[in-house]
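Participant: Listed in order, the protein sequences are those of chains A, B and C.
Residue numbers for the first sequence follow my numbering, so the first one is 309 and each next one is one higher.
Residue numbers for the second sequence follow my numbering, so the first one is 0 and each next one is one higher.
Residue numbers for the third sequence follow my numbering, so the first one is 75 and each next one is one higher.
There could be a bad hint or two in this list.
What the hints assert, rightly or not - Rough simulated footprint, nothing fancy, chain A against chain B, three-plus residues with beta-carbon under 8 Å:
| hint | region |
| --- | --- |
| 1 | 12-26 |
| 2 | 31-37 |
| 3 | 44-56 |
| 4 | 87-99 |
| 5 | 125-139 |
| 6 | 189-202 |
Said to hold, decoys possible - A short list of chain C residues far from chain B (calculated; beta carbon distances all over 10 Å):
| hint | residue |
| --- | --- |
| 7 | 377 |
| 8 | 400 |
| 9 | 552 |
Calculated directly from the structure, the hints in this document are not laboratory data.
Backbone N, C-alpha and C define an ideal beta-carbon position, used for all residues, glycine too.
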Amino acid sequence: MVQPDMTGQPGRGTPPPAGGVPSARAARLRRRARSLGGLVLSLALTLLGLLLVTFVIGRVMPIDPVLKVVGERATQAQYEAARIAMGLDKPLWQQFLLYMGEVLRGDFGRSISTGHPVAQDLRRVFPATVELASLGTLIGVCVGVPLGVVAAARRGGWIDQIARVVALVGYSMPIFWLGLMGLLLFYGILGWVGGPGRQGIIYDGMVPTVTGLILVDSLIAGDWAAFRDAFSHIVLPASLLGYFSLAYISRMTRSFMLEQLSAEYVVTARVKGLSERRVIWGHAFRNILVPLITVIALSFGSLLEGSVLTEIVFSWPGIGQYITKALLAGDMNAVLGGTVVVGTCFVALNLLSDILYRLLDPRAK
Amino acid sequence: MTETTRAWLLSDAPQTRRQARMGALYQGWLTFRANRLAMVGLAILILLVLVAAFAPWIAPQNPYAQNLAERLKPPSAQHWLGTDALGRDILSRLIHGSRVTLFIVGTVALIAPVIGLFVGTVAGFAGGWVDQVLMRITDIFLAFPKLILALAFVAALGPGIGNAVLALAVTSWPPYARLARAETLTIRNADYIAAARLQGAGPLRLLIGHIWPLCVSSLIVRVALDMAGIILSAAGLGFLGLGAQPPMPEWGAMISDGRTYILDFWWVAAMPGMAIFIVSLAFNLLGDGLRDVLDPKGGRE
Amino acid sequence: MQNRFPLRALLLASAVAMAAPVSAAWAETPADTLVIAHQIDDIISLDPGQSFEFSGQDVVHSLYDRLVDFDPLDLNAGIKPSLAESWEVSEDGKTITLTMREGVKFHSGNPVRAEDAAWSLQRAVKLNKSPAFILNQFGFTADNVDEMVTFDGNKLILKLDQPYAQSFVLNCLASEVGSVIDKETAMQHAEGEDFGNAWLSTNDSGSGPYTLGAWRPNEAVQLVASEEYWQGAPAMKRVIVRHVQESSAQRLLLEQGDVDVARNLTPTDVEGIAGNDELKVADELRGRILYMGLSQKDPLLQRPEMIEAMKYLIDYAGMESSFLKGQWKVHQNFLPEGYLGASDENPWTYDIEKARQILSDAGITSGTVKTVVRDIREYVDAAQTLQAAMAQVGLTLEIQQMTGAQVLDAYRARQVPVFIGEWGPDYADPNTNASTFAHNPNNADDAGLSQLAWRNSWAVPDEMNQAVEAATLEGDTDKRVQMYLDIQSQYREIAPIIPMFQKIEQVAMQQNVQNWTSGGSVTSVNYRQVTKE
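Here chain A stands alone, though its shape is the one from the complex (with noise of 0.2 Å):
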């Protein structure tokens, strides 16, 4: 299981360009442009570099792709056949050329596991986990960040204790368990949510994919039973990763206030006699808001690429089971593929939080 980053340092750990003397708003701008540019070069070198170690893994892996296309029978002479027809007889920085120039024209080329496009594998899988993804920041944003807001105004009380217990079971519960005696007791015991998989089997290509997002295509089509039915199995593992979510989200919540509510404005907010409540969500929680959708982005980013084994107890046809199943077949195109999106998503929410951070935050300016 991979657990949130805990640092929560904004973006890649660039120190705010010291500023000081007021230049012109020109400039300002200038250079702001300047320094974003930077950041879509790194980002693209970031993500062929991704591209380059996936391939080179996927190349010493001894993990023989050919196989997995002929089959356990296979004669030698149709063993070699398929050997040159998938190209796997150039030398690897001709198939690493090859490749590069696909991926620029949007081709990832085709699935030796599922014998389908990789593009359209794809197009298939993301949407799943983002929707549980998203769902899963959703509960962790709702529930960790007043949580988290609390416990730092009560520090001490039975509240932050609470609190503190509950992140830190959080962060030492094996997922793959959890998931399993959940889905006992839930699903197989209570019967209150959905069973494992997207949907009810009857539900099965019922509704029209418009976002791949079952719950929003279900509302589209204003297929209500749809959309109960797609809700009741998300509710589970979303909860589930909404928990892990809210274990980071509350904790870095709880030390962001810790330090906005020692600062001296908030002395000095409370000294002209402000309400508590307005001095924690008008002033300090407002303070906060910047670093706070950080983490939120990095959570949202590590459930995207760490629910591997949630989606492999819930049969949730994600994007890290179809990764997990590809890289076992030494199904390579499936595998960079899937480690393209996932990357490009996670640098994407980097930059996006960088970005934020150099508009919003006041310091930085």
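Based on these hints, arrange chains B and C on the given structure of chain A.
Facilitator: What follows is chains B and C alone, placed relative to chain A:
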């Protein structure tokens, strides 16, 4: 402890360097000791180490002895935690498995932060293109889905406990590198570094003698907090069949074995699950307490 | 910035979401829909000329018809006419002429012609994908198949290079690679020289009882009944096969009434539902054999005494009654029960003392061998049981778990000292197993054969090689049976490949599901005869 030692340790005006250092440590210990949850964590971990050290003497039965006639028996006087699918005593397997867990955690905790420390401080201290290159590499590894990268490594090297540890170490260093770099950037231009430089200290000496020691405390906090994650990742690899190989009683692999029987024989998966939970909770409690003591920023909570 | 608004809105939204009635009514599945939970992540193609995975063949079987087929309600009756109404064999036994049924149509509306049948066989040979060897056994090659397989009006003419037993040829034609494809439709979608392979991989172009509704890999296959089916429209109008990896999940779905059939329950889960009156379990003997191969490259394993001793170190009864319970039965012959000529003699038992005696007589008191097993529960448990037994006689077994692809890779390279795994027959004739277990024409490392005997580096004695070849040519079925019995008897004496168990598929289903068959030991699953009361 006598009153005089205590007074010596807590003295406001330490006479020697040693007294000052010991005093600081003792202060830290007092803060740590006041944190009841952290003490619980520490106690559990000490227990774990003892159990692992004396496993062959503590375990009631041979963890490898099979008995197909006695399989899947519920907890009883003879088998306190029941038996697994091959009739092996689960308690004995858990006890022996604690060695595996400690091995994994210990090794990863030794390798990953050291790589991270090295990469991060060099990047932060050297700056320029070295920084750029090293940080791009770090970013690439960060952008990778972590478990999948570990899977790929294990698949490439072959399954086994040693390779699983290596894979976890290789995938978990980037956050340490980030952290170390950030720390280095804040102290790089400090006066005393400049002073040391003026005294003629070379870059390597500055790095090892002055920068590394200052980065270590925040790294230790981070490691303590990450331990649980490492245990869970190792269990995840075991769960996917790529970690420890049979018949080694690795806890994650034991859960994986037990999930087949989860509906009727819950204890086979639940017991190792509980073990993992308790140990990672202990690490988290410890880490939380350590952060209060060591982390100068968020500290003294 | 007004910060309180979004937070409150979020809280409100989440409260609404939480409070919404979560449990939709778990009605049972619709009366005309069959819902199945199964592991179907092995499907990579639905082209009959390429598909060679268990689940893929299950799908192909319902999308297409073959020239001859088994009756799903009476599998033991053997080969029956299907798209071919009748057939006759020439005097010299080297030509078979099949007469096509009139009036049958493909899903496209095109008539099923002898031309389609001939083209389907020709393209399978020319495509040369995994299952092509089944047809190539009759001497077909990409170069000669246009002359060997021809049609004339409504007759399909097959020329064979040897006078093979009629049962052998028909059994092969009943396998999925013999499916009849709609030539016109397939060729409309052909790309280059692929004979429509890319298109057929994800689409159907057959005349079978079902058409393909949808296939989402690793997720689900949906079949829709063909109302015009020539043997009568199936009762189940929709068949949905959902990929569910875990047995526990399949069982939960079944118990909740969300699926009608669960096909991959473990023995403990089958036992677990025994008390449930709403459910029943059907046992069906399948063709798969769980065996142990001892590589003859290994200096220790190549000693005859070692081979002999290993046969007594396997706890057959112990495994059969524990983790294999109800799903594998002891079977120590390479021909599975249900096949022509299968032997039912199981002479070996678990006998540590005897093994120790054999080994000490030969001076073997210690040694280490390695096994590479696939990360499948049963295999790993079997390996661990063997490991414990071998330890009792001073032998060490090192177990290494790997993924299927990695194990196969090592096995193909003849680098697995002790192999524990399954073999599934490719077609319904005894030659399918005889030719792989007991036939190895060239034991050289660079021969690159796919026979199990070759993979275990076992140089099969010449007389056994010849006996296997001769059995395919014997026209008299009784004599053919005796030939196979003799081969198996000798095999038990000398072979370093030890068949241990035969698969029993335990299919759990709702009480109202009738006439289910997974295909027995000879064919694939059939849905068209299934009904629900």
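Participant: Under a C-beta cut-off of less than 8 Å, do 3 or more residues of the region 125-139 of chain B approach chain A closely enough to confirm the stated coverage?
Facilitator: Since 5 is at least three, the answer is holds.
Participant: Count the residues of the region 44-56 of chain B whose CB lies closer than 8 Å to any CB of chain A, then report whether that count reaches three.
Facilitator: violated (count 0)
Participant: Can we confirm that no CB of chain B comes within 10 Å of the CB of residue 400(C)?
Facilitator: Given that every Cβ of chain B is farther than 10 Å from that of residue 400(C), nearest at about 14 Å, it holds.
Participant: Checking a non-interface call: every C-beta of chain B should be farther than 10 Å from the C-beta of residue 377(C). Is that right?
Facilitator: At about 26 Å from chain B, residue 377(C) clears the 10 Å cut-off, so the statement holds.
Participant: Should the label of residue 552(C) as a non-interface residue stand, given a Cβ cut-off of 10 Å to chain B?
Facilitator: 42 Å, holds
Participant: If you look at each residue in the region 189-202 of chain B, do at least three have a Cβ nearer than 8 Å to any Cβ of chain A?
Facilitator: Violated: only 0 residues of the region 189-202 of chain B have a Cβ under 8 Å from chain A.
Participant: Apply the coverage criterion to the region 31-37 of chain B and chain A: a residue qualifies when its Cβ sits closer than 8 Å to a Cβ of the chain, and three qualifying residues are needed.
Facilitator: violated (count 1)
Participant: Mind taking a look at whether chain A covers the region 87-99 of chain B? Criterion is 3 or more residues with CB to CB distance under 8 Å.
Facilitator: violated (count 0)
Participant: Count the residues of the region 12-26 of chain B with a beta-carbon closer than 8 Å to any beta-carbon of chain A: does the count reach three?
Facilitator: Three-residue rule not met by the region 12-26 of chain B, so violated; n is 0.
In summary, the numbered hints that this structure violates are 1, 2, 3, 4, 6.
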